[in-house]
Amino acid sequence: ATTRAAGPGIRGEVARILSLDVDGAGFAKLGEADPVLGDVQRARPGLRPLCFWSPWEAACWAVIVQRSSMLVASRVKQRIADRFGAKVEVAGRPYQAFPPPITLVDAGGLGLPEQKEEWVRGLARAALDGVLTTEHLRSLAPEDALAELRALPGVGPFSAGLILIRGAGAPDAFPGDEPRLFGILREVYGLPDDTPPAAYRRLAESWRPYRSWASFLFRAAGYSAAGE
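Residue numbers (this note's numbering): 1096 to 1323.
These are computed hints drawn from the structure, not numbers from a lab.
Cβ atoms here follow ideal geometry from the backbone N, Cα and C, with glycine treated the same way.
Incorrect hints may appear among the rest.
Derived lysine to aspartate or glutamate pairs resembling EDC-like cross-links, with alpha carbons at most 20 Å apart [what the hints assert, rightly or not]:
#	residue 1	residue 2
1	Lys1124	Asp1267
2	Lys1172	Glu1184
3	Lys1124	Asp1134
4	Lys1172	Glu1209
5	Lys1211	Asp1177
6	Lys1124	Glu1300
7	Lys1172	Glu1213
8	Lys1211	Asp1201
9	Lys1172	Asp1201
10	Lys1172	Glu1212
Restraint ranges, calculated between C-beta atoms of paired labels, are given here [claimed, not checked]:
#	residue 1	residue 2	range
11	Gly1203	Glu1127	24 to 32 Å
12	Val1200	Ala1246	36 to 44 Å
13	Gly1203	Ala1236	30 to 38 Å
14	Asp1201	Leu1113	40 to 48 Å
From just these sequences and the hints, can you work out the full model?
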């Protein structure tokens, strides 16, 4: 594998991965208007979503982890990288990069169920067609991007949100159907158990243009509480 100097393109990708490519100056002001969000912000100052290297890799992860534990899915993803990915060296340490879509578009033997392998190949075709790029997905309105992603093989509402938010780094998307997040919001906002999905979407409207970031903070708060 070859390495490239850290030019504007590389710096831009790193900024996206760390969610530093978005001006977050207005995010704190949302917490001033919404005390519940403000409490979460103060508990985790400066926390932003950490993204995958690309929407393509995020899409593959979304398929790999379906109906699987995080531990098992992580091992499968690493085996795919070991077998098909390029080796890179960083600070003297070797790493296996996740393979690009051209490598997996016709690949078999990924260590996945047959249906999932077909989904990965379908995602590779979509990536080669330009669908799974940061530039394309962030050029669309979030709702349109989510709808386009849900049309891809193996991608449901949760996976679409993961690809857009954690893959493309879109700062203002709200997953329309995520029971785990909805449960956290019910708890912190004191909402009834039968709150319909539309009510969560209305609640999230007040977080614009940082709906992704607010959702991420609430998830982080929920996971932390579950681990205590």
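Verification of the hints:
1. Lys1124 / Asp1267: 15 Å, holds
2. Lys1172 / Glu1184: With a Cα-Cα distance of about 19 Å, the restraint between Lys1172 and Glu1184 holds, given a limit of 20 Å.
3. Lys1124 / Asp1134: 12 Å, holds
4. Lys1172 / Glu1209: Between Lys1172 and Glu1209 the Cα gap is close to 15 Å, so the pair holds against 20 Å.
5. Lys1211 / Asp1177: 19 Å, holds
6. Lys1124 / Glu1300: 14 Å, holds
7. Lys1172 / Glu1213: With Cα atoms ~15 Å apart, Lys1172 and Glu1213 stay inside 20 Å; holds.
8. Lys1211 / Asp1201: 13 Å, holds
9. Lys1172 / Asp1201: Cα-Cα ~17 Å, so holds.
10. Lys1172 / Glu1212: 12 Å, holds
11. Gly1203 / Glu1127: 24 to 32 Å: Between Gly1203 and Glu1127, where Cβ atoms are some 54 Å apart, the hint is violated.
12. Val1200 / Ala1246: 36 to 44 Å: 18 Å, violated
13. Gly1203 / Ala1236: 30 to 38 Å: The hinted range 30 to 38 Å holds for Gly1203 and Ala1236, with Cβ atoms some 37 Å apart.
14. Asp1201 / Leu1113: 40 to 48 Å: 33 Å, violated
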